[in-house]
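> Required output: the full structure, derived from the provided sequences and hints.
Chains as they are written, first to last, in the UniProt record's numbering: chain A, 1 to 638; chain B, 1 to 250.
Treat the hints as calculated values from the structure; they're not laboratory data.
Be aware that one or more of the hints could be misleading.
[As the list claims (entries may be wrong)] Calculated lysine-lysine pairs in the BS3-like style (CA-CA distance at most 25 Å, straight line):
1. B:K110 / A:K167
2. B:K143 / A:K370
3. A:K335 / A:K218
4. B:K118 / A:K167
5. A:K167 / B:K164
6. A:K579 / A:K619
7. A:K370 / B:K217
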Amino acid sequence: MSELERHAYDVLVIGAGGAGLRAAIEAREHGMRTAVLCKSLFGKAHTVMAEGGIAAAMGNVNSHDSWQVHFRDTMRGGKFLNNWRMAELHAKEAPDRVWELETYGALFDRTADGRISQRNFGGHEYPRLAHVGDRTGLELIRSLQQKIVSLQQEDQRELGDYEARLKVFAECTVTELLQDEDGRIAGAFGYWRESGRFVSFEAPAVVLATGGIGKSFKVTSNSWEYTGDGHALALRAGAALVNMEFVQFHPTGMVWPPSVKGILVTESVRGDGGVLRNSENKRFMFDYIPEVFKDKYADNETEADKWYTDADNNRRPPELLPRDEVARAINSEVKAGRGSPHGGVFLDVSSRLPAEEIIRRLPSMHHQFKELADVDITAQPMEVGPTCHYVMGGVEVEPDTAASRVPGLFAAGEVSGGMHGSNRLGGNSLSDLLVFGRRAGAGASAYVQGLTERPAAAPETLARAERSALAPFDGEGGANPYGLHMELQQVMNDLVGIIRKSGEMAQALEKLEALKAKAAEVTVEGHRQFNPGWHLALDLRNMLLVSECVAKAALLRTESRGGHTRDDFPGMDAEWRRKLLVCTASGDGVEASAEVVEKPQVPMRPDLLDLFEYSELEKYLTGQELTGQSGASRGEGS
Amino acid sequence: MGYQAHFRVWRGDGEGGDLRDFTVEVNEGEVVLDVIHRLQATQASDLAVRWNCKAGKCGSCSAEINGRPRLLCMTRMSVFSESETVTVTPMRTFPVIRDLVTDVSFNYTKAREIPSFKPPADLAPGEYRMQQVDVERSQEFRKCIECFLCQDTCHVVRDHEENKESFAGPRFLMRIAELEMHPLDDADRVREAQSEHGLGFCNITKCCTEVCPEHIKITDNALIPMKERVADRRYDPLVWLGNKIGRRKA
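See below:
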């Protein structure tokens, strides 16, 4: 191997969205020499797409809010499958993470008394989402980006070098994690997108913050970066993924024109009063309130509409049910022939708020529909339908430290699993990024400080990584990566999509095997300098491995829960709530294949269980679990 | 519905390149970025282009379409007639890396030269109180998606490499204005805007405002107010006297 570019850091963060940047800030503040790798340019990560807000129980708008209420909402949203410790840490720490952003320079919308304003969102009992119009993700990433710049300015003043302790590398894709003989993390290997040259980073701790997997699906709100890189890197390094069968289809994506199909329409439209109607002009969500939520959601329009002004004495409108419920309802309406002209349903805010108020509260939505669909949302309804938005599943981590099974490997944000159970509530992602980004940065720092020697990767590992990355340039006449990608997206969309059946998933697994064989022979044209065909060929390996995890886990889970709906097993099964599906991989590169096994869920700590009424727990827990429940809780619920 | 469009796309690298002609299918509702992607998938798999969100929110796909700085993802094909040739070239102000991808590191260098938000020393996190009307001025500037089209179009640097050293460009002069107007920022930024970051170069031709895909009124709301604050400091005799006798910070 000739002159491979090499760098050495204490903590290497892969991914530069909210979780990655927050992790990097934390590691740097713990005194670690830290590097962040962005797959795109600095500040362009998918976090910018988040619209509605950051969920944090600050109680600025409704003082009844508290971490306990936020915890309960999160567990309900995830249908009690969540890792309860993560949900607890998240609910407790989210307010501090939001306030901290203000010290970085973030400017949230305000309440009349000058505090951070909070808006309503699906599944949240009180107005809880700190926001900036409908561009909260941009505010979050810019604030973190600017905090990093301010730390670099400190280093410049102190040490004469902006990058002495914290460096951001843009447009760098990691293809392999490096490990020593004992399997401990030793760094990462990747390429510069710009030049196609290879680079190796030596680092005893790696934080994965690579986001999700949406690009494996045809209709998605996710950008090209979302190819499951971190999920696949973790698997190939020996870590495990949990909950991969749970994929969130956001109920409201654009459906027309075709080129923007899937682009997100924020849930804030509904939080601020928008309603869903079918082609018969009916507010159909009243027909889809599931049993477990009957006491929390209004069953008539009058009560639902009153809730916006008097939330304490009315139940919430069913448009604000958790996302999985709304997505399934839209899907059913369209299937029943009551859809809109382009195969969605109508989302209307124009008849609910004055035009100037819509423009003030939802400026990006107004802009997006006007520019891309010729629709004026202050005068007309939008057409919307489900779009693949988020994967609940991800790297299995220790809640407190974000450590995976592999020594030195940490994960935070969408690439980690457990926090959201079977379904994530809107607004809980941005807070997740900050809470667990910080914890991962701290966890990685503590790990590095505890090491007596830095693990070293065997040199042949680097040579192998290089050969594997160059394989698509070998040979001729193999499959075109763009074509393969489209086939994969079609398979996942049609056969492992929003409604799943055993036979279809088995068929999907066969097709995935065939696609893997073709991917092994994929060939690309041109040279290595900024070659998107080559980049896609390498990303495809990750998408295929992760898709296999999704399909295999989905086939095994014979119940419907949150972001996993089985046509052949429509009910929720309390026995399944006690089980997690854990994916691991064997083999390497495009030959890697996934295995899924069951693992018992750790029972919830009694004091957390006591936060719920017995009558609610009955809906989720098995009889055996309930028998162990304390008398006090039982009394409270009756 | 669909038709065959004539595209001319610049292909090359730092060494040089030229416009290449393509005939490519266009369907209803598509934007220029869709057509560039179709070229990648069917005719030029190694055509380099940056993009991420495809919804005008990340500011990655900046380029020039028929000579005008635009986001590829927000330029609908319906604004062109079917017979019109659509010419796509990289941003001219920044060095080309390959095809439509340019080296925008100038902007990241400038970003680092602007002193950061200085949090109020006497307030703990959670104690910040600001009125909506007071944050709105800076919020407008924080809508910026950093597409750098304003930097690309600004004549101070567009054909004047020599000015890049001493001129932050509209995006980062606006960043100074944003911090200056932040209700709780503790730093004084007026003098440096002029002396260090080149505010004086701007002669308010509003080209930056015209190309801003977020419709931020960069000139009217950020640059002109900053210029006024500079003028107040420099030419107000009382301020001048205050500075001389050292009783005012400016």
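> So, for every hint listed, does it hold in this structure?
Hints versus structure:
For the hint linking B:K110 to A:K167, the alpha-carbon distance of about 16 Å falls within 25 Å, and the restraint holds. With a CA separation close to 18 Å, the supplied pair B:K143 and A:K370 stays within the 25 Å bound. Simply put, A:K335 and A:K218 have alpha-carbon atoms about 19 Å apart, close enough for the 25 Å limit, and the pair holds. Using a Cα cut-off of 25 Å, the hinted pair B:K118 and A:K167 holds, with the two alpha carbons roughly 22 Å apart.
With a C-alpha separation of about 23 Å, the suggested pair A:K167 and B:K164 falls inside the 25 Å cut-off, and the hint holds. This hinted pair checks out: A:K579 and A:K619 have alpha carbons roughly 16 Å apart, not beyond 25 Å. Distance check on the hinted pair: A:K370 and B:K217 sit about 19 Å apart at the alpha-carbon level, within 25 Å; holds.
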